[in-house]
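Converting from the sequence shown to this note's numbering requires adding 107 to each position, the first position being numbered 1.
Worth flagging that the hints you see were computed from the coordinates, not collected in a lab.
Hints may be right or wrong, so weigh each one.
As the list claims (entries may be wrong) - Calculated cross-link-like contacts (lysine to aspartate or glutamate; reagent style EDC-like; alpha-carbon spacing at most 16 Å):
| hint | residue 1 | residue 2 |
| --- | --- | --- |
| 1 | K189 | E171 |
| 2 | K207 | D180 |
| 3 | K189 | D221 |
| 4 | K189 | D169 |
| 5 | K207 | E226 |
| 6 | K208 | E172 |
| 7 | K208 | D169 |
As the list claims (entries may be wrong) - Here are the computed distance ranges between Cβ atoms for each label pair:
| hint | residue 1 | residue 2 | range |
| --- | --- | --- | --- |
| 8 | R161 | I229 | 21 to 29 Å |
| 9 | T174 | S121 | 27 to 35 Å |
| 10 | Y214 | N157 | 28 to 36 Å |
| 11 | H223 | I122 | 12 to 20 Å |
Glycine included, each C-beta is placed from N, C-alpha and C at the ideal position.
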Amino acid sequence: MKKILKISAIGLISILLTCTLTGCWLDWENIFSFENRFQTTEDGFVYYVNSSNRLYLIEVPDSEEITIPEYIDGYKVIQLGKHIGFFTSETKEVDGSHVKKITIQHYAIYHAVDFHNAEVCIILDYLYCEPYIYE
């Protein structure tokens, strides 16, 4: 009976260790290859398109006035910033500290952004409402 319990415990520990190491290996693979999949537009937006054709904006142009477009290269911008990994998580934050005026053309998820110096924010089509101007 003790021998069966000992074998069961060793088997359970082996399975848990294998699952943990496999999960970490998959995350490390994602982190190392994630930046290789970035693309840059002529305007200076840096973005990532995942396997579901969802576009994540990673960087904005180095300008005081920017407009977050609704579509880039035919893909809809759904999120600013990106959280990657599960066991070894990392957040790619959009640094917009240089931006003074921002125009947002549609609703998107603002996951990790830094627009703390923005003085004017114009939001168009926020959840299909009329345009609003905030100053």
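For each hint, the structure was consulted:
1. K189 / E171: With Cα atoms ~23 Å apart, K189 and E171 exceed 16 Å; violated.
2. K207 / D180: violated (25 Å)
3. K189 / D221: holds (13 Å)
4. K189 / D169: Violated, at about 19 Å.
5. K207 / E226: holds (5 Å)
6. K208 / E172: Given pair K208, E172 holds - Cα atoms ~5 Å apart, limit 16 Å.
7. K208 / D169: holds (12 Å)
8. R161 / I229: 21 to 29 Å: Holds - the Cβ-Cβ distance for R161 and I229, about 24 Å, lies within 21 to 29 Å.
9. T174 / S121: 27 to 35 Å: The hinted range 27 to 35 Å is violated for T174 and S121, with Cβ atoms some 54 Å apart.
10. Y214 / N157: 28 to 36 Å: Because 19 Å falls outside the window, the suggested range is violated.
11. H223 / I122: 12 to 20 Å: Roughly 47 Å apart at Cβ, these two residues miss the hinted range, so it is violated.
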